[in-house]
Amino acid sequence: SQKIEQNSEALNIQEGKTATLTCNYTNYSPAYLQWYRQDPGRGPVFLLLIRENEKEKRKERLKVTFDTTLKQSLFHITASQPADSATYLCALEANAGNMLTFGGGTRLMVKP
Amino acid sequence: EAGVAQSPRYKIIEKRQSVAFWCNPISGHATLYWYQQILGQGPKLLIQFQNNGVVDDSQLPKDRFSAERLKGVDSTLKIQPAKLEDSAVYLCASSNDPGTPEYFGPGTRLTVT
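Note that the protein sequences, when read in sequence, are chains H and D.
Each residue of the first sequence is one higher than the one before, counting from 288 in the working numbering.
Each residue of the second sequence is one higher than the one before, counting from 60 in the working numbering.
Misleading hints may appear alongside valid ones.
Claimed, not checked - Label-pair ranges, simulated between beta-carbon atoms:
no.: 1; chain 1: D; residue 1: E144; chain 2: H; residue 2: T313; range: 24 to 34 Å
no.: 2; chain 1: H; residue 1: Q289; chain 2: D; residue 2: V113; range: 15 to 25 Å
no.: 3; chain 1: H; residue 1: D326; chain 2: D; residue 2: E144; range: 23 to 33 Å
If you're looking for bench data, these hints aren't it; they were derived computationally from the structure.
Values in this document were obtained by computation on a predicted structure and should not be read as measured data.
Glycine included, C-beta positions come from ideal geometry on N, C-alpha and C.
So that you can see chain H by itself, here it is in the shape it has in the complex (with noise of 0.2 Å):
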């Protein structure tokens, strides 16, 4: 069947450094895949979307990789800062049109 799977354990971090996400899927063939940052209360906002052929996206901070050989898909925040700290979510497009998929987000706390 098919699964999107990121960690579901919080990451800690420290300030400054860089945090590293995680989104692996299986029987998928994704199109699209993108990022999407839900702070409590909130619906998510949209950070990034990277293209099946595409290696790599970057904004500002943000970096997105990904791997449909090894399916997966990386997210980096550079010199991460407490205001990162948020539940990030990672979504699976298989075609333009067809519904997204989420995975179960991943916690963030970036301590000062």
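Following the hints, put chain D in place on chain H, whose structure we already have.
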């Protein structure tokens, strides 16, 4: 630009009662989505509209859930009758087109007792 609006923000009902949620998407967004998010899990798509037509409702429990999007703008999601396991946050999202980033509302937290 105004974001996605949802109401109410919170709702507490007893099991077997009915409840309705309302969503107003970002102006001009043709695609509207309803998600259910159970505590500690990622959002799960219930239904996707393209204008006022249904694109995907394969995960909507149609025996108790219904949704409509009249005139291709606002949308309502209804649960009748509610069960304890329906306790969750119901999120509405919209996008320009399928395959583009989705913009989420704040959600409605439903508690069924």
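Comparing the hints with the structure gives:
1. E144/D / T313/H: 24 to 34 Å: holds, 26 Å
2. Q289/H / V113/D: 15 to 25 Å: With a Cβ separation near 22 Å, Q289/H and V113/D satisfy 15 to 25 Å, so the hint holds.
3. D326/H / E144/D: 23 to 33 Å: holds, 25 Å
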